[in-house]
Amino acid sequence: MARVLERLGHACEFRPAQTCCGQPSFNAGYWDEARTVASRAVEVFRGAEAVVGPSGSCVAMMRVFYPQLLAGTPHEAAALDLATRTFEFGEFLVDKLDVTDVGARFPHKVTYHDGCHGLRELRIKEAPRKLLRAVQDLELVECDEAESCCGFGGLFSVKYPMISTAMAEVKGSSLVRTACDYIVSSDPTCQLQLDGWLSRQRQKPRTIHLAEVLAGADT
Amino acid sequence: MTPGSPTADPHPVHEAEDPHLAKKKFLHDAAEHVRDTSHRAFVRKALGGYYTSRDTQKARYRDWEQARDAASLAKWSAVNRLDELLPRFVAAFEANGGKVHWARTADEARDIILGLLRAVKAKAVIKSKCMTSEEIHLNAAMEQDGYGVVESDLGEFIQQLRGEPPYHFVFPCMHVRRDEISDLFGKHLGTPPTDSPEELTMIARRHMRRLYVDADVGITGANFLVAETGQISITENEGNARLTAALPRVHIALAGIEKVVANLDDLAVLLPMLATAGAGQPMTCYNTLYAGPRRPGECDGPEEMHLVLLDNSRTAILADPEQRDSLHCIRCGACLNVCPIFKNVGGFTYGTTYQGPIGSVITPHLRGLADWNHLSGASSLCGACTDACPVRIDIHHHLLHNRRNAARSTPNRLERLGHRLFVTVASRPWLYAAGGAVFRNTLWLMKKLRPPLLRDWLATRDLPPAPPRSFRSEWRSRS
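Read top to bottom, the protein sequences are chains H and A.
Counting from 924, one number per residue, gives the positions in the first sequence under our numbering.
Counting from 1089, one number per residue, gives the positions in the second sequence under our numbering.
Just so you know, the hints here were simulated from the structure itself, not pulled from any lab data.
One or more hints might be untrue.
Unchecked claim - Which residues of chain A face chain H? A few of them, derived with a C-beta cut under 7 Å, are:
| # | residue |
| --- | --- |
| 1 | A1119 |
| 2 | Y1149 |
| 3 | W1164 |
| 4 | P1428 |
| 5 | A1466 |
| 6 | S1468 |
| 7 | G1471 |
| 8 | A1514 |
| 9 | S1515 |
| 10 | P1517 |
| 11 | L1531 |
| 12 | L1533 |
| 13 | W1545 |
| 14 | R1549 |
Virtual Cβ for every residue (Gly too), placed ideally from N, Cα, C.
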């Protein structure tokens, strides 16, 4: 991700003070605990021009849920401010930087897996597809369950493993039917779930992060 | 007369006996259902037709999203003005000659209806589809008091013969194959086997016609109560609700208090939305407004018309500003139809009157959060439900709200400890980095030891080996 952004002429920094966004506790209902983590995070990212994340889920947590979680606390203003500066990687390139062709080449047939947080909390649908269509020698196909959840859902995947796996099976089978070489995703946790199921089923396609595809410059 | 076995109690779980019984049963039934791949494929296929017709009908709206705004506003303004609209509706309904009965609880509603049956010396009761009656376990209560009751909606009739509660609150028998229906009718009604849906419908219709005439009480639900005119609006596809309301001597309708809408204009927005979101139809086949019993000079209609208005925790939801919009629900079932949980665990697994995402939101309000929070947990929070909701209920976020409320009111000590430990680590970057290092270096061992949670993952999914280096160290070495 940093490589792509730097190639486009932007300076990237990584603030070592950052940790997790706190979503696991938030989603489990432990909002007081999550609030502690969130209060810290809004301070860590203070002053950054843009905060770009390689996960629609983490970005949704920071952009959509931090302002709710921190409402009425001394960190509310910082949370609202951070929400305006936080972007998911693909969305940042297309909607903020107005870039679709990053000069990448990836000679494979791929399909894009919409992560639910990216798709429904952040309303990102076209941005990653625009980026992929601009990649040289890449063939983009859609699966028939494109907007279906992979079934990860954080702790849901281990608290309700049978439902989570059934969902992976529905989504994974649909992805396999496209006969693609790679499943492109903008969410490492969806990748974990899909790869976990595909590998267990001895199915060929594997996931790859959008940033990895875009970083694959043919220079 | 009652065909078939008595309607099964839709709530076989008695929370008081074991506080975790509902959850245990859910986990057990979900695991069982998930293994039934042919059933899951059958349900997916059935819903495939719905997606196509729903999208076709949605495309006919000039702007579906704007229509959702309008529908949401119609319900919002009604729900937030219940104190004004309910009395207005009641006054208009009684001016039309109907009689309103208020029921605070399910028990009260049952007692009122049983009291009415006794008062009018009912012998046979016919019913059209009414989920509120499932909510208050009305059929079981009527049968216990010796009243024969027949469901006149085809889907509900099939479920009654099968001795099962509805599988889906709009499509009660969507899980039943055509040949099973044919066998069922053969067994209970003595009809020859057939593969034709039209013939199966005709069998039920022929059987039912006599019963409408014999019944002295017809019980219906209500989709909307129009405050402006005092009318009850009922939506249906088979014409059975019309006969149920019009032929018997007495018509009793049962509805939740949140069903009220301000006027006919709002109804005009909501009726097509209900049809499209719920069943992929432009309009449902029959939308009827009932304005009181037969008046002097009229040739048909019931002699008496009663409406039981049910609270049953709806005012508690009303008092919760965060989840108040769950009272907007018009019970279209769109959220079930798109829900990956519903599609994979099936309708019965929920163990509730209202299945699917909206059921997971409201059941804790109706029957207790401690016993029913697991339904809010059983979600990947994908949000497909919220996008599908024609009245814009914030369904999947309410699942989060239920989880938060449960963590506050009945925290699981071990779980809370885990989250506190997580906060401790996530608040200290050095500890967070150290934790990552421990994780990277011990993952291979953990995979062998298979502690809980990791074991649940590994049972069906692989886990890649841990990366050799942390992102932090890679970042440090690149600059």
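Numbers of unmet hints, in rising order: Of the numbered hints given earlier, those the structure breaks are 2, 3, 11, 12, listed in rising order.
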